[in-house]
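Peer 1: Let the sequences and hints guide you as you build the complete structure.
So the sequence lines, in the order shown, correspond to chains A and B.
For the first sequence, the working numbering begins at 1 and goes up steadily by one.
For the second sequence, the working numbering begins at 1 and goes up steadily by one.
Derived by calculation from the structure, the hints in this document are not laboratory data.
Certain hints may be false.
As the list makes no split between identical chains, a pair holds if one copy fits it or if it spans any two.
In the SDA-like style, the derived pairs of lysine to any residue whose C-alpha atoms are separated by at most 25 Å in a straight line are [said to hold, decoys possible]:
(1) LYS133 to ILE184
(2) LYS22 to SER274
(3) LYS57 to LEU169
(4) LYS98 to PRO110
(5) LYS255 to ALA30
(6) LYS329 to MET55
(7) LYS54 to TRP149
(8) LYS188 to ASP141
(9) LYS255 to ASN340
(10) LYS22 to ASP141
(11) LYS22 to TYR139
(12) LYS336 to MET55
(13) LYS87 to VAL108
Residues per chain are reported as follows:
2 protein chains.
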Amino acid sequence: MSKEITSRAEDYSQWYNDLVIKGQLADYSAVRGCMVIKPYGFALWENMRDALDKMFKDTGHVNAYFPLFIPKSFLSKEAAHVEGFAKECAVVTHYRLKNDPNGGGIIVDPDAKLEEELIVRPTSETIIWNTYKDWIQSYRDLPLLINQWANVVRWEMRTRLFLRTAEFLWQEGHTAHATKEEAIEETKKMLDVYADFVENWMALPVIKGIKTESERFAGAEDTYCIEALMQDGKALQAGTSHFLGQNFAKAFDVKFSNKENQLDYVWATSWGVSTRLVGALVMAHSDDQGLILPPRIAPWQVVIVPIYKGEEQKAMIDVKAKELIASLKDKGIRVKYDDNDNARPGWKFAEYEMKGVPVRITLGARDLENNLAEIARRDTKEKKSISMDGLPEQISDLLEEIQQNMFNRAKHYRDEHITPADTWEQFEKLLDEKTGFISAHWDGTAETEEAIKDKTKATIRCIPLANKQETGKCILSGKDSVQRVLFARAY
Amino acid sequence: MSKEITSRAEDYSQWYNDLVIKGQLADYSAVRGCMVIKPYGFALWENMRDALDKMFKDTGHVNAYFPLFIPKSFLSKEAAHVEGFAKECAVVTHYRLKNDPNGGGIIVDPDAKLEEELIVRPTSETIIWNTYKDWIQSYRDLPLLINQWANVVRWEMRTRLFLRTAEFLWQEGHTAHATKEEAIEETKKMLDVYADFVENWMALPVIKGIKTESERFAGAEDTYCIEALMQDGKALQAGTSHFLGQNFAKAFDVKFSNKENQLDYVWATSWGVSTRLVGALVMAHSDDQGLILPPRIAPWQVVIVPIYKGEEQKAMIDVKAKELIASLKDKGIRVKYDDNDNARPGWKFAEYEMKGVPVRITLGARDLENNLAEIARRDTKEKKSISMDGLPEQISDLLEEIQQNMFNRAKHYRDEHITPADTWEQFEKLLDEKTGFISAHWDGTAETEEAIKDKTKATIRCIPLANKQETGKCILSGKDSVQRVLFARAY
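Peer 2: Next up, the structure:
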């Protein structure tokens with residue numbers, strides 16, 4: 001069949017691309033660096049989005065929508081922010097096209113030049129804080145707990161489907177608070193929400209930590225992150241939550257009168273996850289036969305494939321299938337019945353294996369005579385024949401079991417790939433041979449961090465929260481260190 | 001209080017703006033023509049979006065996501081389409097900013113000019129059909145029934161919150177079919193879905209019809225529409241569904257092999273509704289005290305306001321309120337309990353009236369002693385005291401009644417405002433005095449249609465589906481006509 005995919009051992013990067021394309025998650029587009037999210041990939045993203053959205057709402061947040069465009073001058077208002085974000089971005093300079101008077105098709109109308117260029121948002125702190133200025137006068141207007149689901153654009157030079165695209169979909173939370181403590185609490189709360197989501201819905205264990213100054217979000221006082229590990233031993237930043245201090249309030253002059261009737265600048269946070277998480281999901285769980293999707297977010301949790309000869313057998317199976325589908329749906333299980341006549345069962349098996357559907361139920365005419373169905377789980381590839389009686393309950397339990405197994409498997413791999421290094425030689429050897437996170441002492445300077453990155457391409461992924469304090473010597477400089485930090489090569 | 005709004009009689013247009021701003025639906029932004037959709041407005045849009053999304057899925061459609069940017073050359077590929085859409089749009093010409101070497105802040109980097117300009121999508125037919133080319137080979141790949149929720153940009157010169165903004169949110173369905181008949185059936189089916197949604201969720205009666213050639217979507221063979229009537233007697237196009245023939249398939253060379261193994265061009269439809277519907281909702285139902293939202297899409301269906309003196313009364317009311325909220329939520333009713341201490345009940349009453357919450361329940365300490373609560377409905381402003389026993393059931397029924405009453409009221413107004421005109425004098429008089437739809441004979445030519453528009457600003461809103469055929473004389477030219485069409489001034 002044409003669906004063959006490159007194995008991980010042969011070419012991990014090509015394996016990933018094959019999965020995304022042949023698993024029907026996304027496609028390249030005619031626009032450099034932008035992708036098309038295909039229906040199957042979008043259904044997966046919808047399930048992720050809906051679960052997260054509910055978690056945001058359950059923690060008191062509301063959604064809103066801010067403009068796609070940001071006036072160029074806004075980006076300059078926060079000094080660190082402009083350095084980080086005003087580089088590679090899409091710039092709108094004109095607002096009209098016209099027919100070329102010389103017959104050259106349509107051209108940009110030179111008379112329709114904008115007075116001030118507009119930037120397609122790479123992130124929305126500036127436009128949002130410019131708006132909050134009008135919304136916040138008093139402590140009674142606080143906190144503002146607002147989230148936005150949106151598309152953003154960063155003109156990346158090297159792009160990869162889901163992992164790094166010029167346009168991507170994400171959510172960005174932007175909250176405003178009366179006190180520093182409350183803002184920090186919010187920053188941490190949202191990190192916990194992200195960790196909860198990624199671990200319990202995506203079945204992907206994460207390490208919660210804090211970024212070093214060099215890796216911080218441009219404009220933040222502190223950036224908290226969750227870091228996950230992919231099957232090739234590279235780390236992937238799965239979400240970030242930023243404590244922005246009063247930086248954006250100062251940049252956009254957002255003051256409020258506090259309970260003592262004194263004017264003060266408002267405290268801020270922002271936090272986001274994106275379609276990049278789909279890439280993480282693919283890389284963390286899949287195998288050489290295709291995707292393996294966690295039941296809680298899989299577009300279809302169960303696929304039913306009938307095997308029959310002739311109309312009579314088909315009719316009999318249809319009756320059983322309909323009953324089964326109804327009971328599965330009653331349990332809230334997302335099920336697809338594939339009785340498409342144009343494809344053989346074997347082709348379908350490979351197709352749903354490729355697409356990572358957690359459970360396949362095969363209804364064969366002969367088995368059904370004995371009241372049996374065959375169930376196959378995608379994560380372990382185990383198959384067994386079981387009685388049709390009580391099947392929905394068993395499937396429901398099995399889906400839970402698969403979810404848990406996927407998490408355990410990923411956690412086992414991750415835990416096996418956190419290795420301490422005490423010498424520079426160990427450090428380099430681990431990076432090249434075992435890969436994964438390396439726990440090592442660092443002298444706390446940006447210079448050393450940079451030197452390690454230059455030599456090895458490894459970065460400090462995070463300083464884990466509640467990190468053990470222990471004295472030691474920096475892996476590179478040999479200077480005194482008070483704690484180990486986690487290094488890795490990363491996506 | 002500061003919340004006073006201009007009355008409809010005084011200034012309809014200002015009344016509308018007041019409602020949108022003071023009702024907390026949206027706000028102006030720093031970017032010309034772009035608005036901020038505020039949390040309350042966005043919650044309303046989310047309810048509308050979710051209801052529509054379910055209807056799309058129930059009719060077999062799936063969601064996907066296509067790039068924000070469209071290469072300039074794509075717009076030229078369909079001749080009529082480029083005329084309609086390649087005019088006022090946001091053009092991305094560069095992909096980088098840099099620090100001005102002369103110290104003038106950040107400037108567009110002249111070295112980062114795109115080889116081909118990118119257009120921020122005004123609609124996505126071109127980029128989508130360019131993609132479908134890769135997805136469709138055989139009749140087995142058809143139909144494709146894909147929808148996208150997205151932001152689009154049209155550089156409008158005169159903008160109004162929700163009704164006409166440079167950036168707006170919408171959904172755009174793009175389907176591909178093997179036969180002309182199937183595509184036309186899809187076009188009509190989606191028109192029915194829109195009519196069902198607008199009438200049964202937004203409580204707004206619509207007229208289904210077909211556009212004249214001049215009013216057709218640029219690139220369509222036929223444009224079907226639903227037209228609604230606002231309280232000032234102007235019409236508003238609430239949704240369109242286009243039969244695109246093979247125009248885009250030909251422009252992007254999308255062919256498929258049919259069952260007879262012959263190559264043919266694919267048949268297409270597209271259909272969309274946008275955040276403009278929020279504007280329609282506001283204009284159709286609200287009054288001089290504020291918004292009136294239909295229960296089925298209102299962010300809060302019920303607000304509970306406690307009235308008390310002192311902690312003891314408050315504690316007693318809290319207990320009753322919690323019970324009530326739990327039973328309302330059990331019934332799937334969206335309820336807000338406003339026990340905010342900072343505002344007086346009278347202020348709250350006005351606030352929720354402004355926001356159009358369908359039902360207000362007042363829990364007063366004295367009433368509660370008699371097991372009574374006061375309920376006030378927003379649509380008729382009726383108030384009555386009723387027993388707390390069975391209150392949830394009564395509220396549930398009342399919400400249904402309000403939904404129905406709002407529809408009936410809008411339908412009564414609409415039906416009263418469809419008036420036949422048989423002479424030009426009548427026509428002009430009706431337009432200026434009675435307003436609404438005018439049913440009149442038209443000779444079927446674009447010239448006459450244009451002349452009527454020039455003279456009166458009235459356009460042909462649609463030729464109603466299943467229109468009665470009757471001979472007559474064109475209202476302007478006096479030439480023979482076979483049917484009446486609906487004219488109106490419109491948003």
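Peer 1: Hints broken by the structure, by number, lowest first?
Peer 2: none
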